[in-house]
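Colleague: Model the full structure from these sequences, guided by the hints.
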Amino acid sequence: MTSRQLLGVGSTIGAGIYVLVGTVAREHTGPGLTVSFLIAGVAAALSALCYAELSCRFPSAGSAYHYSYICIGESVAWLIGWALILEYTIGGSSVARGISPNLALFFGGQDKLPFFLAQVHVKGLDTPLDPCAAILVLIVTALLCLGIKESSFVEGIITTANIIVMLFVICAGGWLGFRNGWVGYKGPEGYFPNGVGGVISGSATLFFAFIGFDTVASMAEEVKNPQRDLPLGMGLTLTLCCFLYMMVSAVVVGLVPYRAIDPNTPISSAFAQYGMQWAEYVVSSGAVLALIASLIGGILPQPRIIMAMARDGLLPPLFSAVNRQTQVPILSTILTGTCAAILAFLMDVSQLAGMVSVGTLLAFTTVAVSVLVVRYAPPYEMPMEVALAGTPETLTSCSGHSEQDEQNLEDPFGNAPTVSEIASKARRQKAMRSIILICLGAIIFISAVSFSSLPFYVQMTACTIGGLLLLSSSIVLLCIGQDKSSLGQTGGFMCPLVPFLPICCIIVNAYLLMNLGSHTWIRVSIWMAAGALIYFFYGIKHSSLAGMAYHRISPT
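Every letter in the sequence shown is one number past the one before it in UniProt numbering, and letter 186, counting from 1, is 186.
Hints are computed from structural coordinates only; laboratory data are not their basis. Do not rely on the hints blindly, as some may be mistaken.
Unchecked claim - Here are the simulated SDA-like cross-link-like pairs (lysine to any residue), alpha carbons at most 25 Å apart as the crow flies:
| hint | residue 1 | residue 2 |
| --- | --- | --- |
| 1 | K224 | A423 |
| 2 | K425 | I475 |
| 3 | K425 | G73 |
| 4 | K186 | M246 |
| 5 | K186 | S201 |
| 6 | K149 | K224 |
| 7 | K430 | C504 |
| 8 | K224 | L236 |
| 9 | K224 | F493 |
| 10 | K430 | L440 |
| 11 | K186 | G198 |
| 12 | K186 | M247 |
| 13 | K430 | L478 |
| 14 | K149 | T338 |
| 15 | K112 | I139 |
| 16 | K484 | A423 |
| 17 | K186 | A272 |
| 18 | K425 | F500 |
| 19 | K430 | V419 |
| 20 | K224 | F153 |
| 21 | K430 | L497 |
Modeller: So, in C-alpha cells, the structure goes:
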C-alpha cells in the first residue's frame with residue numbers, strides 16, 4: 001500500500017475498535033458482533049462507491065463540499081462545508097483528549113504523568129485542562145504544514161505499527177481461542193441473543209468506526225493519478241479496515257462470554273483472563289497509535305475544505321493561499337490546528353461527539369444525491385470560466401444551476417435554444433423533481449420507522465407514502481434514463497447499480513441521522529444558523545458566481 005492509502009487506513013482505524021467491541025457486544029449483538037461489523041462495512045461501502053465516482057469526475061480539494069457545489073448548488077455546498085468544519089474540529093479535539101489517559105498506563109497512573117502531559121484540575125471548572133491534547137494537536141499541525149508527503153510518511157509508519165498490534169491481537173487471540181475451545185461462542189443464548197434487531201442496531205453504532213475514508217478524497221489535488229489512485233485508495237481502505245475489525249471482534253467475543261467483556265478495555269481484559277496481563281501494554285500502545293493516526297487524518301482534510309470555500313469566494317481569499325514549496329494551505333492549516341488545540345485544552349468535547357456524526361452523515365447523503373444529479377440531471381448551464389478550462393481550480397466554479405439556471409433561458413450571445421436543448425432541459429427538470437421526491441420519500445419513510453412513539457396507523461400511513469414516493473420516483477428515473485452529457489472528467493471509476501445504490505445510501509444515512517438525538521440536533525442547528533448568517537452577509541456578496549455569464553451545454 002502507498003503512504004496515501006495508509007493515510008486513509010489510519011484515518012479510519014481509530015481507537016474505537018479498542019472500545020466499541022465491548023460496548024456493542026454487551027448491549028446489542030452478543031457473539032454476532034462480527035456480522036454487525038460486516039453490515040456496517042457494507043453500508044459504508046455504499047458511500048465509498050459514490051465518493052469514488054465523484055472523486056474521479058472532479059479531482060479537487062474540498063471532497064463532499066466540492067461535489068455538492070458542482071452538482072446541487074452553492075448554498076447547499078456552503079452548509080455541507082460548514083458542517084464538515086465543525087466535524088473535523090470537534091473530531092480532532094475529542095481524539096486528542098483521549099491520548100493522555102492511555103499514556104498514563106505506561107507511567108503508572110494519571111498522577112505520575114509529567115507535569116506538561118498530566119490533566120490539570122482547576123477550581124471552578126468541571127472539566128480538567130489537558131495540555132497533552134493541545135501539545136499533540138499543535139505537533140500534528142506543524143507536521144501537516146511540512147507537506148502531504150512528509151505527513152503521509154509519518155502516518156504510514158504509525159498506521160503500520162497499529163496494524164501490527166491488531167494482527168498480534170488476532171494471532172495471539174486465535175491461538176488462545178483454539179487452545180481453550182472458544183468459550184464465548186458456547187453460551188446458552190446462541191449466536192444472536194438479541195435477534196436480528198440487535199445485530200442491526202449494533203451495526204448502526206459500528207458504522208462510525210468506518211468513517212475516515214473520505215480523507216483520501218480530500219487529497220485529490222495532491223495525487224498524481226486521481227482517477228486511478230482515489231477509488232483504489234478508498235476501496236483498499238475499507239476492505240482492510242473491515243477485515244481487521246471482523247477478525248478482532250471474532251477473537252474477542254470468542255475468548256470471553258459477551259456479558260463478561262469489560263466495556264472499557266475489552267481486548268486487554270480478555271487477554272488478562274488467560275494470564276496475559278502484559279498484553280495490556282501492547283493493546284494500549286495500539287490505542288495510542290490509533291488515536292494519533294486518527295488525529296492526523298482528522299485535521300488534514302479541514303484546511304483543504306476551507307481552501308476550496310475561499311477559492312469560491314465564500315470565505316476571505318487569504319485562506320485559499322497555498323505555499324509554493326510545500327503545496328499546503330499553511331494559513332488554513334494553522335488556523336484549524338490552533339482552534340482544535342484550544343478546544344482540546346479547555347473543553348470535554350465528548351458531549352459534543354454526536355455533532356461529528358451529523359457532519360459526516362450529511363456529507364455522505366449529499367454525495368449520494370450528487371451521483372444521482374450528475375447521472376440524471378447534470379447542469380445544462382455553466383459559468384463561462386468553466387467552459388474555457390477544465391482544471392480543478394476552474395471546476396470548482398461549475399455549479400450554481402440550482403440558483404441561476406431558471407434565469408438564464410437565453411445564451412449570453414443571444415442564440416435561441418434549439419429544440420433538442422429544450423427537450424433535454426425538460427428531461428433534466430423531470431429527473432431533478434424525481435430526485436427531490438426520492439429524498440422526501442426517504443425522510444418520510446425513515447421518520448415513520450424511527451419514531452416508535454407515533455400511533456401505529458400514523459406510522460403505517462407514513463411508511464406507505466414514503467415507500468410509494470421512493471418506488472415511483474425510482475421508476476421514473478429508470479424510464480427517463482441517464483443523461484448522455486459528460487460533466488467533469490470521464491474515463492475513471494463509475495458507481496454501479498445507479499440509481500439503486502445511491503438511494504440505498506441515502507436511506508441508510510437518513511436512518512442514522514434520525515437516531516442521533518434531539519440534543520445533538522439542537523447544537524447542530526445553532527452552528528448551522530451561524531453559518532447561514534455568514535453566507536448571507538458575506539458569501540453571497542463575494543461569491544465567484546456573482547455576475548458571471550453562463551454558457552449553455554448542448555446535449556450529445
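Colleague: None of the hints should be skipped; say for each whether it holds.
Modeller: Here is how each hint holds up against the structure:
A distance of roughly 39 Å separates the Cα atoms of K224 and A423; the hinted pair therefore is violated under the 25 Å criterion. At most 25 Å may separate the alpha-carbon atoms for a hinted pair to count; K425 and I475 meet this at roughly 20 Å. Restraint check for K425 and G73: satisfied, since their Cα atoms lie roughly 17 Å apart, inside the 25 Å limit. As the CA atoms of K186 and M246 are separated by approximately 19 Å, the hinted pair is consistent with the 25 Å bound.
Note on K186 and S201: the hinted pairing holds, with a Cα-Cα distance of about 23 Å set against a maximum of 25 Å. Only pairs whose Cα atoms come within 25 Å are accepted, and K149 paired with K224 is accepted, the gap being roughly 12 Å. Note on K430 and C504: the hinted pairing holds, with a Cα-Cα distance of about 21 Å set against a maximum of 25 Å. Only pairs whose Cα atoms come within 25 Å are accepted, and K224 paired with L236 is accepted, the gap being roughly 18 Å.
In summary, the hint linking K224 to F493 is supported, as the alpha carbons are separated by about 16 Å, within the 25 Å threshold. Distance restraint check for K430 and L440: the Cα-Cα separation of roughly 15 Å lies within the 25 Å cut-off, and the hinted pair is therefore satisfied. At roughly 19 Å between alpha-carbon atoms, K186 and G198 fall within 25 Å of each other, so this suggested pair holds. Note on K186 and M247: the hinted pairing holds, with a Cα-Cα distance of about 18 Å set against a maximum of 25 Å.
Annotation: proposed proximity of K430 to L478 holds, straight-line Cα distance about 12 Å (limit 25 Å). For the proposed pair K149 and T338, the alpha carbon gap of about 22 Å is at most 25 Å, so the pair holds. Among the hinted pairs, K112 with I139 is consistent with the structure: their alpha-carbon atoms are about 23 Å apart, no more than 25 Å. Of the pairs offered as hints, the one joining K484 and A423 holds, with about 13 Å between alpha carbons and a cut-off of 25 Å not exceeded.
Among the hinted pairs, K186 with A272 is consistent with the structure: their alpha-carbon atoms are about 20 Å apart, no more than 25 Å. Among the hinted pairs, K425 with F500 is consistent with the structure: their alpha-carbon atoms are about 24 Å apart, no more than 25 Å. Note on K430 and V419: the hinted pairing holds, with a Cα-Cα distance of about 17 Å set against a maximum of 25 Å. Taken as a hint, the K224 and F153 pair is honoured in the structure, with Cα atoms around 16 Å apart against an allowance of 25 Å.
Using a Cα cut-off of 25 Å, the hinted pair K430 and L497 holds, with the two alpha carbons roughly 21 Å apart.
When the structure is compared with the earlier hints, a violation turns up for hint 1 alone.
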